[in-house]
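One letter stands for each residue in the lines below.
Number of protein chains: 2
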Amino acid sequence: MSKELSLQETGAMLLAAEKIVLCTHVSPDGDTLGSTLGLARFLLAQGKQVTVFCDDVINKSFSFIPGIELCERPVEGSKLQTDLLVVIDASSFDRIGLVSEVVEAKILLNIDHHISNERFAEYLYLDAKAAAVGEVMCDLFMAMQWPFDKEIATCFYTAISTDCGSFRYANTTPKTMRNAAKLLEYGVQPNEISDALDVRSRDTVEMLAKVLPSLTFAYEGKIAYLTITNDLYDKDVQTDSFVSYPRYIEGVDVAIMFKAVEPAVTRVSMRSKSVDVSAVAVAFGGGGHLRAAGCTIYAPVEEARTQLLEALGKLV
Amino acid sequence: MSKELSLQETGAMLLAAEKIVLCTHVSPDGDTLGSTLGLARFLLAQGKQVTVFCDDVINKSFSFIPGIELCERPVEGSKLQTDLLVVIDASSFDRIGLVSEVVEAKILLNIDHHISNERFAEYLYLDAKAAAVGEVMCDLFMAMQWPFDKEIATCFYTAISTDCGSFRYANTTPKTMRNAAKLLEYGVQPNEISDALDVRSRDTVEMLAKVLPSLTFAYEGKIAYLTITNDLYDKDVQTDSFVSYPRYIEGVDVAIMFKAVEPAVTRVSMRSKSVDVSAVAVAFGGGGHLRAAGCTIYAPVEEARTQLLEALGKLV
Numbered sequence: 001m002s003k004e005l006s007l008q009e010t011g012a013m014l015l016a017a018e019k020i021v022l023c024t025h026v027s028p029d030g031d032t033l034g035s036t037l038g039l040a041r042f043l044l045a046q047g048k049q050v051t052v053f054c055d056d057v058i059n060k061s062f063s064f065i066p067g068i069e070l071c072e073r074p075v076e077g078s079k080l081q082t083d084l085l086v087v088i089d090a091s092s093f094d095r096i097g098l099v100s101e102v103v104e105a106k107i108l109l110n111i112d113h114h115i116s117n118e119r120f121a122e123y124l125y126l127d128a129k130a131a132a133v134g135e136v137m138c139d140l141f142m143a144m145q146w147p148f149d150k151e152i153a154t155c156f157y158t159a160i161s162t163d164c165g166s167f168r169y170a171n172t173t174p175k176t177m178r179n180a181a182k183l184l185e186y187g188v189q190p191n192e193i194s195d196a197l198d199v200r201s202r203d204t205v206e207m208l209a210k211v212l213p214s215l216t217f218a219y220e221g222k223i224a225y226l227t228i229t230n231d232l233y234d235k236d237v238q239t240d241s242f243v244s245y246p247r248y249i250e251g252v253d254v255a256i257m258f259k260a261v262e263p264a265v266t267r268v269s270m271r272s273k274s275v276d277v278s279a280v281a282v283a284f285g286g287g288g289h290l291r292a293a294g295c296t297i298y299a300p301v302e303e304a305r306t307q308l309l310e311a312l313g314k315l316v
Numbered sequence: 001m002s003k004e005l006s007l008q009e010t011g012a013m014l015l016a017a018e019k020i021v022l023c024t025h026v027s028p029d030g031d032t033l034g035s036t037l038g039l040a041r042f043l044l045a046q047g048k049q050v051t052v053f054c055d056d057v058i059n060k061s062f063s064f065i066p067g068i069e070l071c072e073r074p075v076e077g078s079k080l081q082t083d084l085l086v087v088i089d090a091s092s093f094d095r096i097g098l099v100s101e102v103v104e105a106k107i108l109l110n111i112d113h114h115i116s117n118e119r120f121a122e123y124l125y126l127d128a129k130a131a132a133v134g135e136v137m138c139d140l141f142m143a144m145q146w147p148f149d150k151e152i153a154t155c156f157y158t159a160i161s162t163d164c165g166s167f168r169y170a171n172t173t174p175k176t177m178r179n180a181a182k183l184l185e186y187g188v189q190p191n192e193i194s195d196a197l198d199v200r201s202r203d204t205v206e207m208l209a210k211v212l213p214s215l216t217f218a219y220e221g222k223i224a225y226l227t228i229t230n231d232l233y234d235k236d237v238q239t240d241s242f243v244s245y246p247r248y249i250e251g252v253d254v255a256i257m258f259k260a261v262e263p264a265v266t267r268v269s270m271r272s273k274s275v276d277v278s279a280v281a282v283a284f285g286g287g288g289h290l291r292a293a294g295c296t297i298y299a300p301v302e303e304a305r306t307q308l309l310e311a312l313g314k315l316v
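Protein chains in written order, with full-length UniProt numbering: chain A, 1 to 316; chain B, 1 to 316.
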């Protein structure tokens with residue numbers, strides 16, 4: 001169980017340490033990277049010795065984030081002693097990969113916004129109402145009267161805008177908008193950020209061209225799905241966004257993406273407007289949220305599809 | 001030449017009239033519709049006699065905007081006398097279609113945010129720094145202390161968020177964000193708005209599936225284009241967004257969409273990151289902006305493609 005800190009206590013703990021490791025979660029997104037790198041920039045300017053760890057490949061679309069070159073992957077078997085390890089935007093300790101083995105810290109601090117936070121760290125600052133840890137960072141900087149500059153503001157703006165789908169998701173609050181307004185005052189260029197984030201690889205668009213013709217409707221158009229057959233599947237091609245194509249078709253309640261990652265292993269992601277897809281995902285050994293869930297079905301894609309559609313058919 | 005009004009004078013003019021016609025521009029977008037309908041709701045609540053004219057088909061995706069059922073198309077040959085005609089978000093008089101012939105108004109007021117405004121109206125409120133007329137409406141309501149409710153806030157939020165690409169375009173300012181924050185406080189659901197706006201017809205996604213395989217690269221990947229051949233072309237299917245697929249591919253500077261609307265008539269739209277595509281469009285008798293332009297080439301699609309790529313090849 002963690003001791004929950006105030007913003008002032010969190011700020012004081014960061015200022016008290018000399019040697020600091022900041023770490024993102026694996027599968028790094030804009031929030032974990034932007035929040036970590038904005039904080040790193042401030043702490044470096046204070047003369048702190050800062051290491052930034054990210055135990056995963058970072059998507060090229062994030063290469064514009066100021067300070068992205070600071071991110072290092074921890075090396076298996078190595079050891080790094082530090083005053084303070086700050087785990088940012090991870091709700092459980094297993095979300096930081098090798099960092100948990102490599103870093104030996106006197107103090108472990110977790111800064112997060114997930115309601116599912118597992119309170120694994122000794123100290124915790126948690127704001128489950130924040131749309132992003134980027135918002136928590138804005139609050140922290142304002143509470144501590146730490147200075148923003150264009151780079152820090154760009155980091156936190158990226159963090160906020162990516163985690164609320166560019167202010168399109170339900171987690172967008174008036175405070176989210178006011179934090180974003182404040183960051184824009186430091187010269188953040190929202191169009192440069194969104195252009196950088198929207199870039200897709202040629203491979204991804206070419207894969208989309210091959211996958212989109214598989215669009216199929218079921219249950220009078222209430223379910224729509226795409227299929228990546230095993231011969232099309234390429235682990236190096238980003239296809240996470242593809243489920244949005246069936247999702248936004250009028251009349252569709254449940255959108256599904258079937259991905260035959262092996263001849264007899266099918267990965268499934270589901271999005272819904274009203275149906276509880278997490279219940280269906282859990283029934284197949286997966287999980288997720290009410291309207292966004294996934295599972296892996298150990299069957300060839302045609303069979304997986306039949307099983308899942310049967311389960312979903314009872315709900316739509 | 002128009003007399004430019006202050007917000008207070010604009011508000012006073014609206015309150016002084018009893019019989020008011022509000023009108024949107026043709027090819028109505030979220031800004032003209034949201035701004036017009038939010039203002040209409042307030043004026044109706046003041047007991048005014050309000051007519052809302054929109055001389056065009058309204059895209060189904062806007063059907064969620066509160067008050068959308070108020071929009072009427074003016075009838076050719078009819079006449080409507082009114083105290084005040086308010087033209088909203090149109091920078092020239094020819095942008096309101098038949099409304100200019102049908103309505104006989106004592107006073108003509110134009111509320112706009114386009115820097116290219118032609119000052120056609122007797123009275124004008126123009127804020128060329130506003131991302132949307134929806135922002136002007138927020139300013140007007142606040143200056144006049146007119147009350148917002150959830151419906152009015154939803155109208156203006158739709159107006160603002162559509163005209164700044166959901167806060168992703170360069171016109172998004174700190175003030176844009178603070179106006180949006182204020183509107184969210186009245187219970188606007190940003191996710192419901194974006195879900196409604198993102199909906200695409202089944203036809204559009206099925207057409208995309210047929211068109212995307214035509215993706216072709218030229219000039220070492222600096223140009224990418226899609227082609228809708230004449231046999232695929234269907235005037236009833238929305239394909240305006242398709243050019244974004246080549247546009248956001250890494251390394252692409254110029255993205256083009258060729259549409260064979262007739263066997264020997266090819267419509268071209270171009271988007272660019274650095275090349276001045278408007279110059280190329282003008283050379284083919286078209287026009288547009290530096291980074292978004294279009295033209296019609298009176299040739300079969302293969303020939304049109306060859307001509308345009310040759311012209312563009314000198315620039316990339």
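Just so you know, not all the hints are guaranteed correct.
[Said to hold, decoys possible] Derived DSSO-like pairs (lysine-lysine); straight-line CA-CA distance at most 30 Å:
#, chain 1, residue 1, chain 2, residue 2
1, A, Lys273, B, Lys48
2, A, Lys235, B, Lys150
3, B, Lys150, B, Lys3
4, B, Lys175, A, Lys129
5, A, Lys150, B, Lys182
6, B, Lys210, A, Lys235
7, A, Lys182, B, Lys222
8, B, Lys150, B, Lys19
9, A, Lys3, A, Lys19
10, B, Lys222, B, Lys182
11, A, Lys222, A, Lys273
12, A, Lys129, A, Lys3
13, A, Lys210, B, Lys3
14, B, Lys175, B, Lys129
The hints are simulated quantities; they were obtained by calculation from the structure and are not laboratory data.
Worksheet item: Of the hints stated earlier, which fail here?
Response: When the structure is compared with the hints, numbers 1, 2, 3, 7, 10 and 13 turn out to be violated.
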